[in-house]
Every structure is written in C-alpha cells, then in structure tokens.
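Protein chains: 2
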Amino acid sequence: MKLRVVVIGANAAGAKAAAKAKRMNPHAEVTLIDRGNFISYGACGIPYFVSDTVADVKELMSTPVGVIRDANFFKKVKGVDVITGTEAIGIDRQTKTVQLLGNEGSKSFSLEYDRLVLATGSSPTLPPLKNRELVNILTVKAIEDAELLKEQAVAGKAACIVGGGLIGLETAEALKKKGMKVTVVEMRDQLLPGVLDPEMASLVEKHIRQNDVEVMTSCRVIGFDGTLEVRKVLTERGEVPADLVVLAPGVTPNAKLAAEAGLEIGATGAIAVDARMRTSDPAIYACGDCCETTHLVTGRKTYFPLGSTANKQGRVAGINAAGGDATFAGILGTSIVRVFSINAGRTGLTETEARAQGYDIEAVLSPAPDRAHFFPGAKPIALKLVAERSTGRVLGLQAVGEGAVDKRVDAAAAAITFGATADQLSHLDLAYAPPYSAAMDNLIVAADILKNKLAGHAKGISPRKVKQMLDEGDDFILLDVRSPAEHAEVGIEGATLVPLGILREKLEGLPRGREIVAFCKVSLRGYEAQKILEAAGFENAKFMDGGIMTWPYELRRGALANEPEK
Amino acid sequence: MKLRVVVIGANAAGAKAAAKAKRMNPHAEVTLIDRGNFISYGACGIPYFVSDTVADVKELMSTPVGVIRDANFFKKVKGVDVITGTEAIGIDRQTKTVQLLGNEGSKSFSLEYDRLVLATGSSPTLPPLKNRELVNILTVKAIEDAELLKEQAVAGKAACIVGGGLIGLETAEALKKKGMKVTVVEMRDQLLPGVLDPEMASLVEKHIRQNDVEVMTSCRVIGFDGTLEVRKVLTERGEVPADLVVLAPGVTPNAKLAAEAGLEIGATGAIAVDARMRTSDPAIYACGDCCETTHLVTGRKTYFPLGSTANKQGRVAGINAAGGDATFAGILGTSIVRVFSINAGRTGLTETEARAQGYDIEAVLSPAPDRAHFFPGAKPIALKLVAERSTGRVLGLQAVGEGAVDKRVDAAAAAITFGATADQLSHLDLAYAPPYSAAMDNLIVAADILKNKLAGHAKGISPRKVKQMLDEGDDFILLDVRSPAEHAEVGIEGATLVPLGILREKLEGLPRGREIVAFCKVSLRGYEAQKILEAAGFENAKFMDGGIMTWPYELRRGALANEPEK
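Residue numbers (full-length UniProt numbering), protein chains in the order written: chain E, 1 to 566; chain S, 1 to 566.
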C-alpha cells in the first residue's frame, strides 16, 4: 500500500516538507493542504513589494525562473496534490484522519494519513486593542495583505507602524519610500528588542531618524480612533495621527490544532518536537513557525520562527515522514534587516540575553571599515562580540552599519555553531583581498580585542558607563587620543585632547592617581593609550569600547563637521 | 635587564610582531629592521593604485585615519625602534647577534637579541629568462614597483602579464582599465591554478575575455625581446607584443638567512615552525611569507603565503617572543580575487587538490542568484562544494560569480575549520532577509544537493563528462527540462526539450533502456527530472551538475539571446 503523507500548511515549511517527502519516496501519496489561496510564497518579500522594489506580487510566488508555484506546479513538477482554501479543524490520532473544512462553507470532510506533517505557521501576537476593527489597520503576513497595504500607501498621508522589530522596520522604510509620514511605535525601550543590545539598536534608531521616520520607544499602544477608517493610534504617551496602521508585533505559534489533538506543547507555547521534527505522536511531525527548536548556544528549547529555518525543518520533516532519517540540531537566532542604507544583524546571544541566561560574559564593541580602508566604497560597520568569560567561547555577534554586515554574521554563525572560542574566531582563514576586507577582517580584529579583554590586557569600559560617569560628575580624565583635526571636527564634551603620537611625551602632565579613560575613533588607539599609560606606571588606565563611532549619545560638533547639525 | 626583541622584516608579519611584542611587554626593547625604505605597507593594494582606484600610494602606507606608518609612527605610537634600508646578512645563534648591513654601502654592524623574529617575506619565483634585464619588465611586490608600473601603464600600448594567478589577474584588470592591450600568459592549462578547479576557472577566463583581455594558457615564457626596452615576450607558442611586462609568478620563501643560520627548513622550502611560530631554535620565531604552516584540512605542512595569515602569525610570534603564550593552528588556503565584475574565491581543498591528497570525494556544482531571486540586483554565483565520501566532511568550497562570493567563502571557511559535514553545513543558521540571500542560502542549497549525492539519491555528472559523451557520440539522451522559452534562448547542441512541467506526461515517449542526462538552468529541475524518471522505472537517469549556468563550453544561441554573440 502506498504511504499517505498529509501536510497541513503550504508555506515555506509545509511546501518544502511535501516536495521532499515525494522526492524521497516517489510512491508515496503526498497531499498538501492550506487554508489560504496562495501557497509557497515569499512573505518576507512583502515590504519590498509595497515599496515597489519588487514590481509584481507574482514574483514572490515564483520559482527563480519565473514559474508560479501554484497547485498546478506542485502537481506537475513535484507530484504533490494540493488542496487550498481548506482548513484543518481536527486530528483524530486514533483513526489517523484529519478533519478538513472548505472556506466556502462547504461540508467538512476527512483525509486519512499514515504520516502527518504540521506546518500551521504563526499569527501576529495581538493584545485586545480598542477599535481594532477600523479600516486600514493591517498586518504584513499574507500575500493578500501586500496588495492592500500597497494600495493604502498614499504619499503625504500618515502611517503608524506598531512594533519596532524586523518586519516593522522593513515596513517603515517601504512606506517612507512611498512618500508617507511614518512613525514607529515600540512598546519596549529600544528598537529591535530581542535582536540587538540597546547600544547597537541605538545606531539603527539614529539612522532611521536621519531618514525622517519618527521613532517612539517605551510606548504602548492602547487602541485606535476614527470612524470607519483609522485616524489616530492611541498610546500611553499620547496620540499618533495615522491614516494607515501596520501591526507588526511578535508572532505566536499556531499550535491550537496540535494542542487539541493532545500533542505535547512546549513551554514556549509552540509544538514540542525532537531533532527529527517528530511530535509526541510518532506518526506526526511539525516544522516551521508552529514548532519550537533548540538554541545551539544554550542547548535550551526556544521559539524563533524564521523562513530560513522553516525550509530546513521542512526538509527534515519531509524526509522523516517519507521513511528516511534526518535530524535538525537547532538555531542561533540569526536575524538580519536592511533599513534604508543600514544593515543590522546578529547571531547567537546578545549581551542582554547572555546575562539573562546566567552567563558571566565579556563583550567588545569594534567599529571599522568593512574592507581595506584605502579601497573606495569601504563603509563602516560596528561589531559587538560577546564571549563567556571562563571559557572564551563566543556566545554571539551583533553587527550594524552601512557596510557588509551579513558576511560577518554568517561567518560568526558558522563558528558559533561549532562552539568556537574568541581565539579560534581570531584565527579563521577568511577571504582577504582589498575589495572584500582589510588584511585583518573586522571579525578578527574584534576577536583579538576580545582576547585582550579576556586575558585582562585590555581594559575597556562601555560608552554607557562613560556617559554615566560624565553625567554623575565622577572624578576621572576622559582622554581623546585622536589627532587635533579629528578632535576639532567632532568630540565628546568634557574630553581632554592628547594625541596618541605625543602621549609618551606628555605623560608628565597627567595626574597619576586618577582614573583615565582613553578613546579614539574606533578604540584601537584608545587601547594603545591604555598600554602606554600602564607601562608608565599609571594604574587606573582604561579605554572606551568602540570609540566615537559607537558613542550613541550627543557629540560635540566642531567647525569641520560634515554632517548637518540636527 | 630589559628583554631585547629584534624583528627582521617590517611588512605585515614583522610590523605586527614588533608592535604586539611591545604591547605585551612594555619594558622590552623592540627593534624592527627592514632592507627596504618603506615599512608596513599594503602590497595587496598595488594593483588598485595602478588602476587609479586608489589615488595616492601613501594610502597604502597609512592607518585607517590617515597617519603614515613610518619609522616615526612606530617609535611614537608603538614604542618600537625602526631601522630601514638595512639588511640582515647573518645570525650568530651562539652569541645571539644579528649581522646587519646598510644599503648605502656602510660598514656592517651587529645587534644582540634575546628573542629574534624572522619575517623576511618571499620573492617572486623566477626561472632564468632570456633578456630579463630589459627595461619595463616589472614585478608587483614592493611599493617602488607600484609607481613605476603606473608610469608605464600607457593607454594604447601592449602589456603582457606572465602568470594567471591572483596578482596576475588583478594587474591585468588594472592595466586594462588604464587603456592598455593586455595579454595574460599562463604556463598551466587554466587560470588561477592552485586556486580553482578547471571548470570554475573557465568561468573566470570567459569573463576576462569578455572584458577584452587575451588569455593564453598552457603557454610557457622563454624570454623577452627588445633593445633596451622590452618589445616582445617569447613563449613556446610564439611571440606576444609587449611594451610592458609584469611578472606575476608564484613566490618562494626568503629562507636563506634562516637556512644559513642552521634553522630547520621544511619540505616546502619555507622555515619550519611549531604552532607557537617558533623555529628549531627556541630563541627564534618566524612568521608570514617566510615560514610554512599547517593545512587545517589535511593536517599537513603547507606553504601558502598571504597578508591575512601574516598578520595573524605576526601577532602570535610577537606575543611569544615577548614572553606570552599564543598558538596559530593553521590555514585553509582561503583566497579571493575580483577581476572586472567577477569575484572568485575558495577555501579548503579543490577537487583537484583533494584527489591528489588521496581523498575519495563527491562534488557538486550549484549556481543560483546570490539573494532572493525577486530582489533587484540579485546576481548569479556558482558554488562548487567538495566533500569526503566516507565521512561527508566538507573539504572545500569554490565560488565564482558577480554576486556575493566572499560571504559564502567566509561562512564555509569557518565551518570547514571545525570539520563540518555537508549535513552540518546545510543546517547553518545563516542570516536571511531578501536583500542578503534566498531563504535557503546558496551554501545551504549546495550542501543539500551534496547530501543527496552522498546518499546516492542525486546522480549528478559533471559538464565535462557530458561534453565528452557528446563529443564521442555516446548513446544517451541529453534532456533539457527547462521551459520552451529558456530552451529557445540558449541551449546545448544535441539536447532534447521536455519541460519539467510535462515530463510526467511525456514519459511514454522516452526510451527505457538508454542513459538519460537531464539538465536545466542550475540543476535543481534536472535533479527533479532524475527523480521523476526513476520513479517511473527508468534505471539510468542522471542530471548534469550546475546546469547551463556552469556549462563552460560553447552554447547554442537562439533568437531570444540577449547577450551579444561572440
């Protein structure tokens, strides 16, 4: 008898699982069911369709050679039967049947399976909000949203994005590009919470503001105002005018079907699966946004839905459902976003997450050009590398800047997967030529500084700590060791200039008893200064992590400033 | 007493070692000696100075903030004494002294050391060539070469590059950009020998030819012709007119000083060192282009000089010379080059190298757009992944194309460092968003196909093998499973069109007994076709690796062709 594989949910994970199951076992009968009318589309592309970066919504539903991935395509090419517009409303695990109900109010019917794959996805996490039903309050999840959103993106009108996460920021850019007045409202005290640490997120926020998008953090939305159409977003901190609202909150796994069938649900609220993507019922697999996975750094179960993970899990679920044997070890929470001309990414744990998980950590901020500094087009990127203090194991990398951030995130992701230490990271044989990186790649420089910190050679303190010391009037010397020209152009109020090149000669003039914090543009000269001071017997010398380039607060602008004053 | 550290050679490795030694041990007396007049310059940037991409040669000798790294800089900032224009002519290991001789014919003098670091670099490997002394036969090694080369790069005149390696190709592009007629002459039967496998190199060669650079492979240079100035390059295959010749052969380690001092020289001809960069004399370290290192895949000693490695080794040698403890595990032979608008890189072993080392391997060719195919600006890249058959361990990656090649090389380098298998590579949590990659990154797609091949599911054969079968008139069906439009535009002569979408319906028309090789644009549909054929009982179905996109031979051009006919 033919193996019957039923897959519920035909987006990334489900479509992949179905196609893979059929390839693995060509004699299996594979049926792919979806409650929507479109299958296997690139939801991640929706903001780019809204901004006209992608001209036709069909491109999001096509293969790279332009064939629409519809039911016909799945039947003809993949040998998979597709039933759209049909929701799975129940699973009878005893009889191995799925209850299905057509959207058009048709009678329910049932389908028998030998192996069932759940790929039911996720839904936006929406608390009850006053007047949520007003027209023009949209989400960015389904392909139908995309066309509606594009229609409503009218130049000159006001848009409010609720949620400053990855999709929220992509959508903010898209609507700005369409000429709208855009405000991003975020409940937490920073943009990209759960993705970046505060000082890295502040670099993104600064860039977004420079592109004329309003940002309101620590701001909870209560509801909406308007008659028929939305006109205002009501928040704890006042009203935001809005002709269009995009809700871009976090997402919740669609685990109800599984829970009602008695399958184990994890503490994360997502369907519990083993490394073979098998649920607590050996005949049922789950993959994609509906299930939990293992974090490769912590070893703990986590919920981190993403299209790239969905594809990998779908492949594993499909192989196993078809009788094969594959495993999926887990994820690193790798994420990336482009907003205007800035790229922001991370892999592994942030400092905030690592501390919350109980790690004793050391961190470094390291900004530098993304390729040989003499090569035209080199653009700055700032890295933040976090390591466990006792073992030197790298726990995570964050990267923000106009340059090639993705490359550093990917290399770090690969290294962290295998438990790389800062020392191992610093010796990676990365591809070097002037168009691609400096002879010492940004990742290697950051790892070297981290090693110096772990070994106690480099004594860095964070910009946040320096700001606090300045604000509280602490008795210390903030030493600017850059050149007089750099110092004149832009600086930190209250700093004393002693260029590194003459520091050895000027040591006599510095008070021995006081704490000295040196800084430069990126922190390398700051570190040199610390070493020079220590060699001369100064016992309390430090440098400021990341230098001026990652200083998230106001800077003193001088005569040579080439950025307009805000 | 103060520790005396003497470093010989003040380019990447030596300059790094000296600065690091001083930072590690601020009370050490560190002396850096170089026979040239310039120190710590970016020799890798020379081609970009020649092409005017980098305006001022000083940029190659400056820190990122524009300070020239000269003797004064090293003294003031690094606390290192620099002696330039001075050659080390002998080492007395008994008395721990180095014999030095000034370039200006001054008397020799000696310097005592407690720790000596050799960073004597490498020299172009030049066989005796007839009339080598003619004017305008240059190399691209020292900063002095750069200015001379730029002077001689006269539009309309003819240049001949001897050597089709990394520097040869960079220089070819630079001279072409200056308006010269450029010919690259390479002794071996492909460009980038020792860097890429032949079919990957042929993609680079095609691109270079399209940019109007002549390429002559399997062509050995005998000598030169001219009176005073060079006019012709004499090769085994005839004469090449040349008003300017650039010699860009491989390099040989400068190990004479070490050998004469009785230090152990490895089988590679470079100075033997341990993981602490220590030579056979415990007081003497070596780093950079003069020493050998360990290949992390084979575990064997290798010679692979590169600026990025020199910096890492210099740091380790400097730390250890100053009394610290650091190790350098080895390299992967990672290399990358941009020529015109194509990027070509690799890490680990090529198929050629892996087979030569005795590995039983499986390989895959996988071309695809470098980001979400619907995202504007997506550009193709072709990956070649090589794995050990018995273990699935990834041995190497090659990547060629106009898109982001460096990112895939770096991620693979990190993974290969830790012995990643194809399965582990395919599950890396790489950064995904449409501006950066498809939901399944190119590396992951390639690893998935490789897994399918290792498991015996996917039966790929190389374009080279298909070409041979065509040429020899073998009895097989070459099945083009692309769309009729794709087929009409460009194809392989002798192929039969059966689009994948109707293959299931057309099975009756295909002969069961014969070998069938399916192909498409990139090979994914080709693989689907193999699976469909197998499911229908065809026992000898295969697909062609890499599809049309990595077919290195002539293509049948059709009416829809948008590339100009050659």
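It is worth saying that the hints were derived from the structure and are not from the lab.
Please note that a few of the clues may not be correct.
Identical chains share a label here; the pair holds if one copy fits it or two copies do between them.
Stated by the list, open to error - Heads up, simulated BS3-like pairs for lysine-lysine below, C-alpha to C-alpha not over 25 Å straight-line: (1) LYS150 - LYS2; (2) LYS2 - LYS506; (3) LYS459 - LYS75; (4) LYS256 - LYS150; (5) LYS75 - LYS206; (6) LYS130 - LYS96; (7) LYS2 - LYS130; (8) LYS459 - LYS76; (9) LYS141 - LYS181; (10) LYS157 - LYS141; (11) LYS379 - LYS58; (12) LYS58 - LYS75; (13) LYS459 - LYS232; (14) LYS506 - LYS75; (15) LYS506 - LYS76; (16) LYS177 - LYS459; (17) LYS58 - LYS141; (18) LYS206 - LYS96.
Since the model is a prediction, treat every value here as computed from it, not as a measurement.
Status of LYS75 relative to LYS459 across identical chains (alpha carbons, at most 25 Å): between (62 Å within a copy, 23 Å between copies)
At most 25 Å between alpha carbons: which applies to LYS379 and LYS58, within, between, both or neither? Cα proximity of LYS379 and LYS58: across copies only (20 Å, versus 34 Å in one copy).
Task: Copy assignment of LYS177 with LYS459, given that the CA separation must stay at most 25 Å - done: This pair counts as neither: shortest intra-copy Cα distance 44 Å, inter-copy 47 Å.
One pair to classify: LYS506 and LYS75, alpha carbons no more than 25 Å apart. Within, between, both, or neither?
between (78 Å within a copy, 15 Å between copies)
Exercise for review: Measure nothing new, just compare the shortest in-copy and cross-copy C-alpha distances for LYS459 and LYS76 to 25 Å and report within, between, both or neither.
Suggested key: between (63 Å within a copy, 22 Å between copies)
* When no copy is named, should LYS150 and LYS2 be tagged within, between, both, or neither for a Cα gap of at most 25 Å? -> This pair counts as neither: shortest intra-copy Cα distance 45 Å, inter-copy 72 Å.
- Is it within a copy, between copies, both, or neither that the alpha carbon of LYS58 lies no farther than 25 Å from that of LYS75? within (19 Å within a copy, 63 Å between copies)
Measure nothing new, just compare the shortest in-copy and cross-copy C-alpha distances for LYS141 and LYS181 to 25 Å and report within, between, both or neither. Within one copy only: 22 Å inside a chain, 55 Å across chains, cut-off 25 Å.
### Message
Cα distance capped at 25 Å. Does LYS256 pair with LYS150 within a copy, between copies, both, or neither?
### Response
neither (31 Å within a copy, 70 Å between copies)
Worksheet item: At most 25 Å between C-alpha atoms: does LYS2 with LYS130 qualify within a copy, between copies, both, or neither?
Response: neither (52 Å within a copy, 76 Å between copies)
Evaluate LYS130 and LYS96 at a C-alpha cut-off of 25 Å and name the case that applies: within, between, both or neither. neither (42 Å within a copy, 83 Å between copies)
Same-copy or cross-copy closeness of LYS459 to LYS232 [CA-CA at most 25 Å] = Intra 49 Å, inter 60 Å, cutoff 25 Å: neither.
The earlier numbered hints that this structure contradicts are 1, 4, 5, 6, 7, 13, 16, 18.
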